[in-house]
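Number of protein chains: 2
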Amino acid sequence: MVLETEKKQKKYKVIGTRPIRPDGLDKVTGRARFGADIDLPGMLHGAILRSPHAHAHIVRIDTSKAAALPGVKAVVTNADFPHVPAEELSLGEGAVNLVHLRQNVLAEDKVLYHGHAVAAVAATSAHIATEALRLIDVTYELLEPVLDVRDAMKQGSPILHADLRTRDMGKDGDIPSNIASHLHFELGDADHAFGEADVVIEREFTTRMVHQGYIEPHNATVSWDEDDHLTIWMSTQGAFNVRDQMARLLRLPVHNVRVVPMEIGGGFGGKISVYLPPVGAILSHKTGRPVKLVMNRTEVLEATGPTSGSYIKLKMGATKDGRLIAARGELAYEAGAFPGSPVGAGCMTMLGPYDIANATIDGYDVVVNKPRVAAYRAPGAPISAFACESVVDELAEQLGIDPLQFRLQNASKEGTRQLRGTTFPPIGNVAMIKAALASDHYNAPLEGPNRGRGVANGFWFNAGMQSSLNASVNGDGTVSLIEGNTDIGGTRASIAMQLAETLGIPMEAVRPTVVDTDSVGYNAVTGGSRITFASGWAAYECGMDIRRLMCARAAAIWDLGEDDVEYVDGVIRARKDAAKKFTFAELAGRINSTGAPIIGNASVSPQTVGGAFALHIADVEVDPETGKVQVLRYTAFQDPGTAIHPAYVEGQMQGGASQGIGWALNEEYYYNADGTLANASFLDYRMPTTLDLPMIDAVMVETPNPGHPYGVRGVGEVPIVPPLATIANAVYRATGVRFRDLPISPRRVLKETQGLE
Amino acid sequence: MVLETEKKQKKYKVIGTRPIRPDGLDKVTGRARFGADIDLPGMLHGAILRSPHAHAHIVRIDTSKAAALPGVKAVVTNADFPHVPAEELSLGEGAVNLVHLRQNVLAEDKVLYHGHAVAAVAATSAHIATEALRLIDVTYELLEPVLDVRDAMKQGSPILHADLRTRDMGKDGDIPSNIASHLHFELGDADHAFGEADVVIEREFTTRMVHQGYIEPHNATVSWDEDDHLTIWMSTQGAFNVRDQMARLLRLPVHNVRVVPMEIGGGFGGKISVYLPPVGAILSHKTGRPVKLVMNRTEVLEATGPTSGSYIKLKMGATKDGRLIAARGELAYEAGAFPGSPVGAGCMTMLGPYDIANATIDGYDVVVNKPRVAAYRAPGAPISAFACESVVDELAEQLGIDPLQFRLQNASKEGTRQLRGTTFPPIGNVAMIKAALASDHYNAPLEGPNRGRGVANGFWFNAGMQSSLNASVNGDGTVSLIEGNTDIGGTRASIAMQLAETLGIPMEAVRPTVVDTDSVGYNAVTGGSRITFASGWAAYECGMDIRRLMCARAAAIWDLGEDDVEYVDGVIRARKDAAKKFTFAELAGRINSTGAPIIGNASVSPQTVGGAFALHIADVEVDPETGKVQVLRYTAFQDPGTAIHPAYVEGQMQGGASQGIGWALNEEYYYNADGTLANASFLDYRMPTTLDLPMIDAVMVETPNPGHPYGVRGVGEVPIVPPLATIANAVYRATGVRFRDLPISPRRVLKETQGLE
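Protein chains in written order, with this note's numbering: chain A, 1 to 757; chain B, 1001 to 1757.
There could be a bad hint or two in this list.
To be verified - 16 Å max Cα-Cα, derived EDC-like pairs, lysine to aspartate or glutamate: (1) B:K1027 with A:D228; (2) A:K11 with A:D569; (3) A:K13 with A:D569; (4) A:K27 with B:D1227; (5) A:K27 with B:E1226.
Worth flagging that the hints you see were computed from the coordinates, not collected in a lab. All figures in this text were calculated on a predicted structure; none of them were measured in a lab.
Can you build the whole structure from these sequences, using the hints too?
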């Protein structure tokens, strides 16, 4: 549902409509090609041996028996990577430390988590490869694991990396530690402000590692050719990142690596990290043949993905008239086996929905003997929002103010200073909260025992970054659009629609194609909710380029100056001679007889990102006998800026809410004391299904981003931010118990409400 | 060998060197992917039933038995094409009449040549498909065929197309005829000039149909998706032409058709025509599965390719001081079953090497019951050059002038008026003939009986047309270049070299990739010797675009104006501050941290094509017992303009000469009286092998084309123009007999020299 705000006008022809996505039919008919569909002549199948231990030295790996198995063509370990000095790999693109990446994709001297890759085999069939894994003999020297973020921070804790020093305020510590870095943010004077607060609440929260749960496992097929050119077919959110990381890891020129992004069965951030391509590369190099690797679900859960488990202590203070004036937070996020948790984003987004003048936030990035975390939809933000929105809810309660009203009167808006120093541009937070306050859901009675209604707000930055694309005008007036971003959430459509809008032609006249890294200019990851924003902006620029070229061509045909020709609503016409005009298709038909082909190009790196806010309302009922929480009704409000394709915005809102509800109620990485993961299957790792959820109502409250030609903000991430607290606040209203440790599983509900273990 | 002319300077760093071609290793190791390598899930295999008759009505086609064979999924005929009115198909891109194309790829009511496609089958294996062909029952009503161009022009000849009228000087005739069109060219006053000539010679010539002889048979795999998008993987010289023709033939938007050009095993013009994709399309549409079609050699020879057989009458006159002053020619070219012989180009190129003020030339495009002709390397020119260079040779002899000297004193040069009206820009004809005159070969004695030396000249226009490409700068200073032209003769290298030269970086830093029609802007055919010229020009423009973008980025980094920064030899530097400079790679490494990706783009349609000339010298020995002509020594001179990659220019010169020698000595389509082709195999259709030929010496005499940034002319076609006459003139000197009917096969030599049949 698009809520018509007073500012909204129906000024677009294509934007705001709901055409069928270009890749839709291929996907529903099974014709779309995924990484697992790849089959090449002479192709080998790979398999990966993984550690059964959470923490151990690797004393020796004997691969001789495996190598002798008929059909096995190669067995590799970390030692098979080409020697590239660590200092060369520590630098570089983005924040990816390739020394750690190399140790993660095949363990070097230690295994650091249950499921850590140790060796790999390429064989003539997947069955032989799997069989050969059993013949690899690894001698381990077991070490004590550390699994919890608080334990790992303690002095005397088992140390994962002997060379890791805490990076603290730009300086490195001098003793080995599991704390990879300490971040510190300050705004105003929190200590002083707490002194002026009438109500102060301090609480502790914990969350567990949870997985993105993409339906398609990781895969990669790698062909290392005789002339040291690599082709990689795979499921990825960042083909160019894979390309650049592989080039550096293998010390090859960037243009020797071609990454072909296949269709993707979900990513949610978890398909940015690189796991299989380096292993496939050295197997292919050793065998001279293409090698295909596809993970099974257990491997996906044990060794890829999850986002951090966490510990947060948060204190907030308000005046008795309901003004939030101070916050003090400590956030410790599990990074898994290698540094890199999203604690920074957790710190910086936590207070985003609020105009709060004084805050001190400390963040800790902590390694533990669990899989290295990967990005997951608004990385870090749901965890900190869970803490913040729980405390805010409690403050509102203590002050006797309606929780939504409390949020409204403290809402951040244009000009509010953010923790990271900048002030907000025009944002839709206030309009969205007002819409929620006025909504049918919020005003509907909720009757019956064991029921409660909760609300929570959430903020996410969104991202800009680099996008490049181009588009060719065909002779019949259709347009072929070439993009470089994996289409996860319908971005072929949302980009094509912006090009069509710019050109004044139907969306169906534009055919978008996602191509490989050799076939289009650089594009940053499909992530950060940035594609419809930044690649859409590129489509606008590209369209303007085509408009200029079309006008110039018409001017040449009519023997007029370029300024004498204008482009209006898909018609190219002479300003002063009404008889001289071409429709887009008419002029397209004359391109090749009058000069060079007409191709629009654009390459952008937009900085004027519009922040995103989401506010969710949940009604729940808690079964006192089983402890099960049933979501009765759920409404997600969000400011998408201009909703380019409203149906896909709704889909993102519904998907984010669903994942957040799973995180709140059921999902968790369950570790045994020895550090082995006990629930590495979708049977035991419980994600919500359609049977578990009501229809998620999605309400778009559009406040166009003035920093984008069509007012776009990011859409995909922010809807996962509020649900954790939304559900917890609702469960509190139903049970009288504030759950500060996730998930709110039946076991925990029974324990907290009835003392049952 | 590159002959250093006085004008030539070593002013380039990359151009003129001989780097290894980017696709070389893939091709020699078998890793390159050709159309026959395609294998898709659920793919069916197609086979085509072909006519055993040269000329017949199709009374009935009964496909029921074939359709009932287990494994057969579809049987189609011409009636299965979607109904598109003929008037819609007769218009359009290039000169392709799609009504004829549709009738050629699957016969409608008549078969017009032996091998004409009649029906097609898709089945689960190629064997079943072939088996099913035998179960298709076709009832023919036989018609008398006409096989020779002169017979076909006679009144009362069997008529191929009841609706064909002669298009003569823009008007259509009113009675059915096999003469599709009559062309007429005039320059000066030939009748008057013949009156002033001291020597006049008139001769008649005939040539037979010959095939391009590409090693890779035609293939196409077509997938017609549920949403009416087609993907076609195939061997083609013109992916965009295939796309546009298929879209019109099937009445689909252009952007619904994606053509993926696979690597190509030779084309020589014969892989521009479309044969299999329409058939694959309707088979795929009917079955809902991808369908693969691959021809065998017999199909290739019977139903694709050849160039015209011909009849030419040519009269030329010269003054006694050796000045060519008049020419009168009649050229009749066989078009095969449908109009479209290259007689126009034959007429217009024939006199290209000469400054001859008065000429009248008539050309006739004539249909006969043989396969529809296709382009073949300098289409039409070798045939007319054979006639012209034979008569010129005879005139020189009668005038007692050395044949090369005679050519030199009549040579066309800058300003010479051509038959098509325009005058020559700077050309290398004179310099090339002088180089031949001064050469070791021409001055070497040729002793022994039955030996002779011949020379001949040849001219080809070359083409410009549309090219589009783009190139991205990667973070390590390498460049990914995206092109749309099938690489037949090393054009990945020759285009990349021009980009590298422009950027001042090594050729190895540029990685060229040929992509499909969805992934790059419009590119006209790989043909007309145009790729190194036009796509190379686009590479230059693209490089200049990158230089501008790199300077602008450096200016932004240094906080300077764009005009304060210059690009010199791959270094970006501040004009007034020697300390401020970046190498290309240094600045490349900073692109993504300082703004948008840097991508150069170019789209061109250059008009300033430089004409090409070739002069060949052959020494032959004729065995009086067997009639076999042995080529003892052969030297090809050519003006390539600037030779971008000299080794590939040499390769083109050697290849063209080899094909021309085969045409002169052995190759011919041999038809029985009933119109069946008697030699549709490489055993019976005799192409020269390495054992038949000496090393072809290649001498490049470079006269840069002032109409190209790097002086490029076309290279690939003109070397096939002189050999027919070169060999005939040499055989005359060895035997005293002027052979005016090709091929000069042993049979014909014995007949002409000894009266043996």
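Comparing the hints with the structure gives:
1. B:K1027 with A:D228: The hint holds at about 14 Å.
2. A:K11 with A:D569: Holds, because 12 Å separates the two Cα atoms, which is no more than 16 Å.
3. A:K13 with A:D569: The hint holds at about 10 Å.
4. A:K27 with B:D1227: holds (11 Å)
5. A:K27 with B:E1226: holds (11 Å)
Checked against the numbered hints given earlier, this structure breaks none of them.
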